[in-house]
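Protein chains: 2
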Amino acid sequence: MVNQQLDFLLPAPEEKPQILHQAMRYSVFAGGKRLRPVLLLATAEALEKASAPFLPFACALELIHTYSLIHDDLPAMDDDDLRRGLPTCHKKFGEAQAILAGDALLTYAFNLMIMCRGKGISPDRLLWAIDEVAFGAGLKGMIVGQVADMSAENKAISLDELKYIHRHKTGALFRVSVRAGGILSGADDDQLRHLTSYAENMGLAFQITDDILDVVGDEKKLGKPVGSDEKKQKATYPALLGLEESKALAREAVEQAIRFLDPFGPGAEPLRQVATSLIDRES
Amino acid sequence: MVNQQLDFLLPAPEEKPQILHQAMRYSVFAGGKRLRPVLLLATAEALEKASAPFLPFACALELIHTYSLIHDDLPAMDDDDLRRGLPTCHKKFGEAQAILAGDALLTYAFNLMIMCRGKGISPDRLLWAIDEVAFGAGLKGMIVGQVADMSAENKAISLDELKYIHRHKTGALFRVSVRAGGILSGADDDQLRHLTSYAENMGLAFQITDDILDVVGDEKKLGKPVGSDEKKQKATYPALLGLEESKALAREAVEQAIRFLDPFGPGAEPLRQVATSLIDRES
Chain A
1 MVNQQLDFLL
11 PAPEEKPQIL
21 HQAMRYSVFA
31 GGKRLRPVLL
41 LATAEALEKA
51 SAPFLPFACA
61 LELIHTYSLI
71 HDDLPAMDDD
81 DLRRGLPTCH
91 KKFGEAQAIL
101 AGDALLTYAF
111 NLMIMCRGKG
121 ISPDRLLWAI
131 DEVAFGAGLK
141 GMIVGQVADM
151 SAENKAISLD
161 ELKYIHRHKT
171 GALFRVSVRA
181 GGILSGADDD
191 QLRHLTSYAE
201 NMGLAFQITD
211 DILDVVGDEK
221 KLGKPVGSDE
231 KKQKATYPAL
241 LGLEESKALA
251 REAVEQAIRF
261 LDPFGPGAEP
271 LRQVATSLID
281 RES
Chain B
1 MVNQQLDFLL
11 PAPEEKPQIL
21 HQAMRYSVFA
31 GGKRLRPVLL
41 LATAEALEKA
51 SAPFLPFACA
61 LELIHTYSLI
71 HDDLPAMDDD
81 DLRRGLPTCH
91 KKFGEAQAIL
101 AGDALLTYAF
111 NLMIMCRGKG
121 ISPDRLLWAI
131 DEVAFGAGLK
141 GMIVGQVADM
151 SAENKAISLD
161 ELKYIHRHKT
171 GALFRVSVRA
181 GGILSGADDD
191 QLRHLTSYAE
201 NMGLAFQITD
211 DILDVVGDEK
221 KLGKPVGSDE
231 KKQKATYPAL
241 LGLEESKALA
251 REAVEQAIRF
261 LDPFGPGAEP
271 LRQVATSLID
281 RES
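Chain order of the listed sequences is A and B.
The first sequence begins at 1 in the working numbering and counts up by one.
The second sequence begins at 1 in the working numbering and counts up by one.
No wet-lab data here; the hints were simulated from the structure.
Hints are supplied without guarantee of correctness; some may be wrong.
Identical copies look the same in the list; a pair holds intra-copy or inter-copy alike.
[Stated by the list, open to error] SDA-like, lysine to any residue: derived pairs with alpha carbons at most 25 Å apart:
no., residue 1, residue 2
1, LYS220, GLU161
2, LYS140, LEU9
3, LYS232, ILE258
4, LYS140, PRO123
5, LYS155, ILE19
6, LYS155, GLU14
7, LYS232, ILE121
8, LYS140, PHE8
9, LYS16, LYS234
10, LYS91, MET150
11, LYS221, GLY31
12, LYS232, LEU222
13, LYS16, ALA76
14, LYS232, GLY217
15, LYS231, ASP131
16, LYS140, PHE29
17, LYS247, ILE258
18, LYS16, ILE157
19, LYS224, ASP79
20, LYS155, PRO53
21, LYS220, ASP124
22, LYS232, ILE19
23, LYS155, GLY94
24, LYS119, PRO270
25, LYS234, ILE19
26, LYS155, PRO238
27, LYS16, GLU153
28, LYS224, ARG281
29, LYS155, LEU9
Build out the structure end to end from the sequences listed, making use of the hints.
This is the structure we're talking about:
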């Protein structure tokens with residue numbers, strides 16, 4: 001559903017300027033689990049709301065995620081040549097186009113969010129949700145996390161600093177994906193608190209299992225070489241806590257996440273499945 | 001007023017991560033005429049609305065303008081070392097921080113626009129205005145113009161192509177600055193049409209005089225070397241039409257712009273002055 005909608009919403013590759021639209025599409029359709037859109041839509045279901053009207057908003061989260069990958073891969077940043085087994089955007093289209101494609105995806109994400117205007121969503125809640133996404137992608141989340149991550153390179157950092165980086169760099173966007181789903185669905189304060197705690201624990205589990213996969217994962221299934229964190233001397237959970245303790249911590253975070261869904265009915269099953277799937281994930 | 005508000009709204013330079021906030025502030029406070037915020041506020045005055053509640057929205061336009069300059073100056077793009085007489089953001093803070101500071105300014109701009117929530121502005125109109133800004137900065141404006149500008153480098157282009165580039169690269173943001181001021185102030189369709197025509201002519205005059213200044217301007221007042229367009233073999237109005245015809249075209253555009261303000265009262269005086277000031281501008 002998300003992939004179809006993304007294809008429908010992105011400018012056609014033959015539309016001018018073609019290189020920009022092709023670069024945007026190349027990175028959006030280079031794979032990806034669509035985890036952030038799924039989280040938003042699953043949250044709407046947990047609140048027994050039809051999720052279809054939120055599809056453009058859900059797609060916006062994927063555009064923001066994709067823009068962050070394109071910019072992070074740039075030579076001046078992580079300087080990665082491959083992403084999901086394919087050449088990165090700047091390897092394929094050149095650096096200037098990659099910067100602009102990232103800028104365009106970020107900017108267009110706000111148009112997609114606003115596309116949910118009307119459709120039974122209160123404009124006040126829509127503004128609230130967009131505000132949270134902007135903070136989560138920016139000054140209270142992703143960008144701050146990337147800056148912290150870059151200054152931590154080749155340095156010994158503590159578990160607290162590692163948690164700070166992940167909470168901002170990847171955690172914040174998971175958090176707002178769930179919260180935006182709640183806000184748009186009319187969740188009350190108590191429901192939002194539970195959903196937020198679910199998202200924070202789910203995000204932690206995601207990051208720990210991400211680190212674990214970089215040690216024990218299958219390169220083919222991951223679409224990238226394993227051991228890259230160690231090579232870059234990046235601080236990770238396995239490096240700081242060991243593999244077994246990291247696995248235990250991930251399992252614990254998943255259990256915690258699911259416990260915070262107790263007040264929700266069977267509609268929360270998709271959210272529970274997302275959390276559970278992290279334990280056995282192979283990519 | 002705009003400068004004070006920008007200082008108030010941007011994260012403090014001593015707040016963590018300091019390098020990000022310092023890079024953002026460095027470029028925002030490196031000078032600049034604040035023309036886009038002024039256009040928005042002057043449009044509110046033309047419609048006899050108190051402009052103060054729109055100040056954060058006006059500042060958002062300046063953040064978007066600044067982000068576009070930072071990214072345009074990058075080595076992969078125009079590769080400029082100086083901007084307004086100072087080292088460009090990547091020269092001062094490094095390329096990675098410049099990319100991230102640009103990303104952060106663009107993202108934070110959306111938080112600032114949403115800050116106008118309440119304050120007597122209808123949330124529907126606020127969403128409408130934000131949507132127009134996102135399109136003007138992105139897929140229907142600035143980014144598309146930058147892509148077209150880059151593919152035109154070192155090529156002979158027609159006057160129509162030159163107009164296309166400017167209408168998107170710089171014109172679109174002027175246009176939405178005025179339109180957003182109108183939308184937020186509750187302008188009706190007819191008023192919006194007039195304001196839009198004002199903005200389009202004003203933007204054209206701005207671009208022509210910009211090109212003229214690059215030929216006959218004073219380097220000290222401009223804060224950048226003159227003759228750079230010719231050196232880069234960039235298509236400009238003086239190159240395509242000659243200096244005198246370019247000056248006549250600029251004067252004509254200013255007169256047109258002012259004529260479109262006829263239906264407005266004395267409150268439109270600031271908008272008239274902005275247009276008139278372009279004729280004699282020295283920077």
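Structure-based check of each hint:
In this homomeric assembly, LYS220 and GLU161 never come within 25 Å of each other (Cα to Cα): the closest approach is 31 Å inside a single copy and 47 Å across copies. Taking the shortest alpha-carbon separations for LYS140 and LEU9, only the inter-copy value of 14 Å comes in at or below 25 Å, while the best intra-copy value is 28 Å. Proximity of LYS232 and ILE258 under a CA criterion of 25 Å is satisfied in neither setting, with 34 Å inside one chain copy and 60 Å between copies. Taking the shortest Cα distances, LYS140 and PRO123 sit within 25 Å of each other both inside one copy (23 Å) and across copies (24 Å).
Taking the shortest Cα distances, LYS155 and ILE19 sit within 25 Å of each other only across copies (17 Å), while inside one copy they are farther apart (39 Å). Taking CA atoms no more than 25 Å apart as the test, LYS155 paired with GLU14 passes between copies only; the shortest distance there is 22 Å, against 46 Å inside one copy. Neither within a single protomer nor between protomers do LYS232 and ILE121 lie at most 25 Å apart by alpha-carbon distance, with minima of 45 Å and 50 Å respectively. Proximity of LYS140 to PHE8 under the C-alpha cut-off of 25 Å is restricted to the inter-copy arrangement: shortest distance 17 Å between copies versus 31 Å within a copy.
In this assembly of identical chains, the alpha carbons of LYS16 and LYS234 lie at most 25 Å apart only when taken from different copies (21 Å versus 41 Å within one copy). In the homo-oligomer, the alpha carbons of LYS91 and MET150 lie at most 25 Å apart both inside one protomer (21 Å) and across protomers (18 Å), since each shortest distance falls under that limit. Proximity of LYS221 to GLY31 under the C-alpha cut-off of 25 Å is restricted to the intra-copy arrangement: shortest distance 12 Å within a copy versus 51 Å between copies. In this assembly of identical chains, LYS232 and LEU222 lie within 25 Å of each other by CA distance solely inside one copy; the values are 18 Å within and 45 Å between copies.
With identical chains, the CA atoms of LYS16 and ALA76 are at most 25 Å apart between copies only, with a shortest distance of 21 Å across copies and 28 Å within one. With identical chains, the CA atoms of LYS232 and GLY217 are at most 25 Å apart within one copy only, with a shortest distance of 17 Å there and 50 Å across copies. Taking CA atoms no more than 25 Å apart as the test, LYS231 paired with ASP131 passes in neither setting, with 38 Å inside one copy and 44 Å between copies. Proximity of LYS140 and PHE29 under a CA criterion of 25 Å is satisfied inter-copy only: 22 Å between copies versus 28 Å inside one chain copy.
For the homomeric pair LYS247 and ILE258, the shortest alpha-carbon distance inside one copy (17 Å) is at most 25 Å, but the shortest distance between copies (69 Å) is not. Taking the closest pair of Cα atoms, LYS16 and ILE157 come within 25 Å of each other only across two copies (17 Å); inside a single copy the shortest separation is 47 Å, beyond that limit. With identical chains, the CA atoms of LYS224 and ASP79 are at most 25 Å apart within one copy only, with a shortest distance of 14 Å there and 32 Å across copies. Within a single copy, LYS155 and PRO53 get their C-alpha atoms no closer than 46 Å, and across copies no closer than 46 Å, so neither meets the 25 Å cut-off.
For the identical chains of this complex, LYS220 and ASP124 are neighbours neither inside a copy (45 Å) nor across copies (48 Å), given an alpha-carbon limit of 25 Å. In this assembly of identical chains, LYS232 and ILE19 lie within 25 Å of each other by CA distance solely across copies; the values are 22 Å between and 32 Å within a copy. In this assembly of identical chains, the alpha carbons of LYS155 and GLY94 lie at most 25 Å apart only when taken from different copies (19 Å versus 31 Å within one copy). When the C-alpha separation of LYS119 and PRO270 is checked against a cutoff of 25 Å, the pair qualifies only within one copy, where the shortest distance is 23 Å, while the shortest distance between copies is 39 Å.
In this assembly of identical chains, LYS234 and ILE19 lie within 25 Å of each other by CA distance solely across copies; the values are 21 Å between and 34 Å within a copy. When the C-alpha separation of LYS155 and PRO238 is checked against a cutoff of 25 Å, the pair qualifies only within one copy, where the shortest distance is 16 Å, while the shortest distance between copies is 54 Å. Only between protomers do LYS16 and GLU153 lie at most 25 Å apart by alpha-carbon distance; the minimum there is 17 Å, versus 40 Å within a single protomer. With identical chains, the CA atoms of LYS224 and ARG281 are at most 25 Å apart within one copy only, with a shortest distance of 15 Å there and 55 Å across copies.
When the C-alpha separation of LYS155 and LEU9 is checked against a cutoff of 25 Å, the pair qualifies neither within a copy, at 42 Å, nor between copies, at 33 Å.
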